[in-house]
Amino acid sequence: MRFLAAVMLLTVSAVSSSAGDYAYEAADFQDPARMAGKLTDHNLGKLEKWKAGKIVLVEFAGEFLQSKEVTSSVFSQRATGQVTTKTSTIQLGGDYYDSVINRFYDMVKAAFEENGYPIVPRDNLASLERYKSLELDMEKTTKGYKGSAFSDGVSTKGLKISAEGLGLFPTNPLKAIKLAVRLAELTHDAEAGSAMRVSFYVDKGKKGAPVLKSMDIVLYADMEANEVGFAGNKKMSYGFKRQNETIFKLSKPMVNKVDISGPEKGSVDMEKYDQGLMALLGAAVDMLKADLKEAKKD
Numbered sequence: 001m002r003f004l005a006a007v008m009l010l011t012v013s014a015v016s017s018s019a020g021d022y023a024y025e026a027a028d029f030q031d032p033a034r035m036a037g038k039l040t041d042h043n044l045g046k047l048e049k050w051k052a053g054k055i056v057l058v059e060f061a062g063e064f065l066q067s068k069e070v071t072s073s074v075f076s077q078r079a080t081g082q083v084t085t086k087t088s089t090i091q092l093g094g095d096y097y098d099s100v101i102n103r104f105y106d107m108v109k110a111a112f113e114e115n116g117y118p119i120v121p122r123d124n125l126a127s128l129e130r131y132k133s134l135e136l137d138m139e140k141t142t143k144g145y146k147g148s149a150f151s152d153g154v155s156t157k158g159l160k161i162s163a164e165g166l167g168l169f170p171t172n173p174l175k176a177i178k179l180a181v182r183l184a185e186l187t188h189d190a191e192a193g194s195a196m197r198v199s200f201y202v203d204k205g206k207k208g209a210p211v212l213k214s215m216d217i218v219l220y221a222d223m224e225a226n227e228v229g230f231a232g233n234k235k236m237s238y239g240f241k242r243q244n245e246t247i248f249k250l251s252k253p254m255v256n257k258v259d260i261s262g263p264e265k266g267s268v269d270m271e272k273y274d275q276g277l278m279a280l281l282g283a284a285v286d287m288l289k290a291d292l293k294e295a296k297k298d
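So in this note's numbering, spot 219 of the sequence shown is number 219, and the numbers just go up one at a time.
It is worth saying that the hints were derived from the structure and are not from the lab.
Treat the hints with caution; some may be incorrect.
[Stated by the list, open to error] Here are the simulated lysine-lysine pairs, DSSO-like style, with alpha carbons at most 30 Å apart:
id, residue 1, residue 2
1, Lys49, Lys257
2, Lys206, Lys157
3, Lys257, Lys207
4, Lys257, Lys146
5, Lys54, Lys207
6, Lys235, Lys265
7, Lys38, Lys178
8, Lys257, Lys234
9, Lys265, Lys38
10, Lys252, Lys146
11, Lys257, Lys175
12, Lys235, Lys49
13, Lys54, Lys206
14, Lys252, Lys46
15, Lys160, Lys132
16, Lys257, Lys140
17, Lys146, Lys157
18, Lys49, Lys252
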């Protein structure tokens with residue numbers, strides 16, 4: 001897949017990656033199991049114990065940093081008498097973000113299926129009336145802030161997007177409760193034994209370099225069925241004994257220090273950026289596969 005160069009990257013020196021991040025090297029992933037031991041935490045051995053079986057991916061969401069503003073701490077302001085603000089912005093377009101999420105979805109799906117865990121096709125889930133009735137959003141803007149009197153304040157804005165055909169888990173309390181109540185029954189409707197959510201966050205490093213800040217996989221499993229109601233009006237009710245269990249996550253961010261500079265000042269060569277980001281996502285999936293194989297041995 002080829003992308004046009006020269007998507008604008010407006011930057012005023014605000015770096016996201018830290019000294020604790022892993023700097024990606026392709027040669028390291030000749031042994032993905034060794035790297036998984038360094039960069040991931042997992043509980044994938046529970047897939048068998050909790051009778052995961054066929055899995056329905058109820059959410060596959062990617063969040064992409066759009067802008068970051070760093071403001072000097074209160075302590076610094078008092079010491080210098082000045083307020084310093086640094087802002088960086090990177091916006092690569094919804095079509096590009098969609099392409100990343102959908103390619104990554106296929107990679108994660110293949111990792112589980114290659115290790116004996118079939119994934120329900122997205123179209124099957126999207127066609128269910130119980131799922132349609134949830135009216136889930138497909139994308140939303142996000143905001144974040146962290147800071148204190150002694151540390152700089154960091155305000156971020158991002159864009160969170162779901163894989164094609166899937167919605168985002170709601171943040172609205174009423175919608176969240178509605179989904180939580182229906183999740184096990186929805187999983188049963190999809191002819192699956194468990195439900196799974198995958199999320200990842202793409203940050204910005206020095207000079208706009210791609211950073212895979214996080215990747216998390218959460219499982220709902222160990223489904224039980226109970227007959228409820230009274231004589232002549234009984235039905236089956238389904239619930240999960242195990243809910244919101246994190247079974248895989250990156251233990252530290254991964255940064256690809258690739259030069260993504262485009263031909264014009266302040267622009268991004270999208271092919272270079274895409275290759276750099278997909279290398280990180282591919283490495284994450286290679287480690288997921290290694291962890292799945294390790295779990296099978298236990």
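- Query: Taking only the CA atoms, is the gap from Lys49 to Lys257 under or equal to 30 Å?
  - Reply: Outside the cut-off at roughly 40 Å; violated.
- Query: Given the hint that Lys252 pairs with Lys46, does the C-alpha gap stay at or below 30 Å?
  - Reply: Status holds; Cα separation ~23 Å.
- Restraint check for Lys257 with Lys175, where alpha carbons must lie at most 30 Å apart: The hint is violated at about 40 Å.
- Starting from Lys54, check that the Cα of Lys207 is at most 30 Å away, please. With a Cα-Cα distance of about 42 Å, the restraint between Lys54 and Lys207 is violated, given a limit of 30 Å.
- Query: For the pair supplied as a hint, Lys252 and Lys146, is the alpha-carbon distance within the 30 Å limit?
  - Reply: 18 Å, holds
- Message: Just to be careful, I want the Cα atoms of Lys257 and Lys234 compared with a cutoff of 30 Å; is the pair within it?
- Response: Cα-Cα ~60 Å, so violated.
- Query: Taking 30 Å as the top limit, are the C-alpha atoms of Lys54 and Lys206 close enough?
  - Reply: Roughly 41 Å separates the two Cα atoms, so the pair is violated.
- Task: Assess, step by step, whether the Cα of Lys235 is no farther than 30 Å from the Cα of Lys265, and give holds or violated.
- Result: Violated, because 65 Å separates the two Cα atoms, which is more than 30 Å.
- Query: Would the pair Lys257 and Lys140 pass a check requiring their Cα atoms to be no farther apart than 30 Å?
  - Reply: Roughly 28 Å separates the two Cα atoms, so the pair holds.
- Query: Given the hinted pair Lys235 and Lys49, is their alpha-carbon gap at most 30 Å?
  - Reply: 27 Å, holds
- Lys160 paired with Lys132 [C-alpha distance capped at 30 Å]: Satisfied, since the Cα-Cα distance of roughly 20 Å is no more than 30 Å.
- Item | Given hint Lys157 paired with Lys206 - CA-CA distance at most 30 Å | 18 Å, holds
Violated hints, in rising order: 1, 5, 6, 7, 8, 9, 11, 13; the structure is consistent with all others.
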